[in-house]
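Protein chains: 4
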Amino acid sequence: MKPYLHEVKYYETDKMGVTHHSNYIRIMEEARIDWMDQLGYGYDRMEAEGIVSPVVAASCNYKKTTTFKDVIEVEIKVKQLSEVKLILAYTMRVGGKIVCTGETVHCFFDGGRPAVIAERFPSLYEAMLATLSA
Amino acid sequence: MKPYLHEVKYYETDKMGVTHHSNYIRIMEEARIDWMDQLGYGYDRMEAEGIVSPVVAASCNYKKTTTFKDVIEVEIKVKQLSEVKLILAYTMRVGGKIVCTGETVHCFFDGGRPAVIAERFPSLYEAMLATLSA
Amino acid sequence: MKPYLHEVKYYETDKMGVTHHSNYIRIMEEARIDWMDQLGYGYDRMEAEGIVSPVVAASCNYKKTTTFKDVIEVEIKVKQLSEVKLILAYTMRVGGKIVCTGETVHCFFDGGRPAVIAERFPSLYEAMLATLSA
Amino acid sequence: MKPYLHEVKYYETDKMGVTHHSNYIRIMEEARIDWMDQLGYGYDRMEAEGIVSPVVAASCNYKKTTTFKDVIEVEIKVKQLSEVKLILAYTMRVGGKIVCTGETVHCFFDGGRPAVIAERFPSLYEAMLATLSA
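Residue numbers (this note's numbering), protein chains in the order written: chain A, 2 to 135; chain B, 2 to 135; chain C, 2 to 135; chain D, 2 to 135.
What the hints contain is simulated information worked out from the structure, not anything from laboratory work.
It is possible that some hints are incorrect.
A short, non-exhaustive set of chain A residues, derived as facing chain C with CB atoms under 7 Å [stated by the list, open to error]:
#1 Gly18
#2 His22
#3 Ile26
#4 Tyr44
#5 Val57
#6 Ala59
#7 Ser60
#8 Cys61
#9 Lys78
#10 Gln81
#11 Ser83
#12 Leu133
Note that beta-carbon positions come from the ideal geometry of N, C-alpha and C, so glycine has one too.
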């Protein structure tokens with residue numbers, strides 16, 4: 002898996018001169034979408050198939066500030082994969098140094114009912130399992 | 002009509018220490034939605050009725066910078082109201098001084114076809130006309 | 002203490018039709034700034050005095066979706082107040098129902114060094130303590 | 002000059018299912034920063050040298066909607082270059098079709114006073130002139 006790169010935009014900074022902390026939640030979404038594309042089951046396909054996958058929880062631990070033009074490298078690992086829940090862990094680095102770590106929790110709804118990941122998305126499930134042993 | 006008030010949020014500032022210029026486009030949208038509510042035909046009702054009203058054009062002339070906690074007072078005037086097009090002019094002030102002026106152009110689609118404003122929204126049309134002579 | 006009200010803006014929604022999850026982090030910031038104003042020690046004054054107060058961590062648990070025009074009522078409680086660390090807990094409700102809960106962790110730097118809250122901001126410290134027993 | 006590419010992010014869409022119109026102003030900024038980098042005089046260097054370059058005006062004409070995962074290709078042309086003012090014109094395309102055109106007006110301040118572009122930034126000025134005859 003290739004890490005996702007996000008170059009900090011001017012409009013993502015705030016008057017403290019650093020990337021506003023809310024943007025890391027967005028950067029994690031960008032990285033997650035790219036990660037799913039790499040796993041071969043894009044978020045657009047999921048939506049086209051009528052799946053709704055809300056973010057159940059999200060958190061960030063801010064270690065170092067970043068700013069305009071910094072290139073944030075985001076690495077994603079599956080932290081937990083159960084029947085109906087997926088927990089992803091994010092490590093964000095600039096120049097090799099950790100600037101932020103985060104976590105998101107996801108579930109999947111198919112026609113309004115919780116979907117069992119391994120049954121509804123077997124290939125995605127296998128691909129995610131494979132990243133665990135990589 | 003009551004002017005719309007927007008207090009600048011911390012996350013709306015950028016590393017120059019001022020409100021990022023893109024946010025005025027959003028503030029104009031907030032003010033426009035409030036203005037339509039005051040005219041008695043809210044944007045949520047319009048959407049519920051299946052009307053799609055894209056912004057065709059938008060522009061801003063930035064006069065003075067604003068920053069965190071500034072209260073921007075937005076005044077809207079109908080600049081042009083034709084059969085299928087609406088042009089709104091915005092004056093944004095802080096403490097009585099103009100900080101930005103703007104314009105947006107709108108049209109309305111009903112079931113994918115352009116809607117004649119006076120026919121499809123007669124009460125909104127009358128209300129907008131009334132603001133012209135106020 | 003008065004709860005903070007945030008009416009969801011059109012631009013805060015996403016193509017799923019709901020408030021994008023990243024915006025709750027921003028709404029928590031808005032509420033926190035209002036809360037500090039109510040405690041009599043505004044964030045602008047803190048910045049003017051050269052204090053830098055980074056968000057060390059932030060998290061959200063999303064319970065129900067919200068959308069355009071929903072009015073989110075944010076209640077803040079001090080969860081932990083130590084010498085150099087402040088943890089705030091947020092409860093966000095629409096129409097009395099909880100839509101999201103969150104937490105933020107803060108510390109304070111004065112001239113680049115960690116500030117002891119009770120010493121550097123005695124009145125703010127007392128005001129925060131008072132909310133605990135309220 | 003290489004056109005700038007922006008892939009539309011999920012959080013840039015709104016409940017209409019399309020890219021929110023305010024984001025094009027941000028995309029134009031991203032493209033402009035990339036364009037200045039290509040011209041050899043990056044915005045970060047300009048800021049480091051104490052230059053302040055506010056956006057004096059910005060406008061967009063929206064032609065077609067775009068949405069999540071669309072790749073917007075932004076082409077920039079110098080529309081006007083006078084002693085103290087720079088006007089840039091933007092053409093944004095998806096799959097070769099124009100989705101939006103825009104314009105921004107800029108001036109430059111050095112130590113609070115308007116800077117004559119050709120004198121203060123001779124190499125940038127020459128590089129911009131060169132794009133005109135390309």
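| message | Name the hints, by number, that the structure is in violation of. | response | Numbers 1, 4, 9, 10, 11, 12 - these are the hints that the structure violates, sorted from lowest upward.
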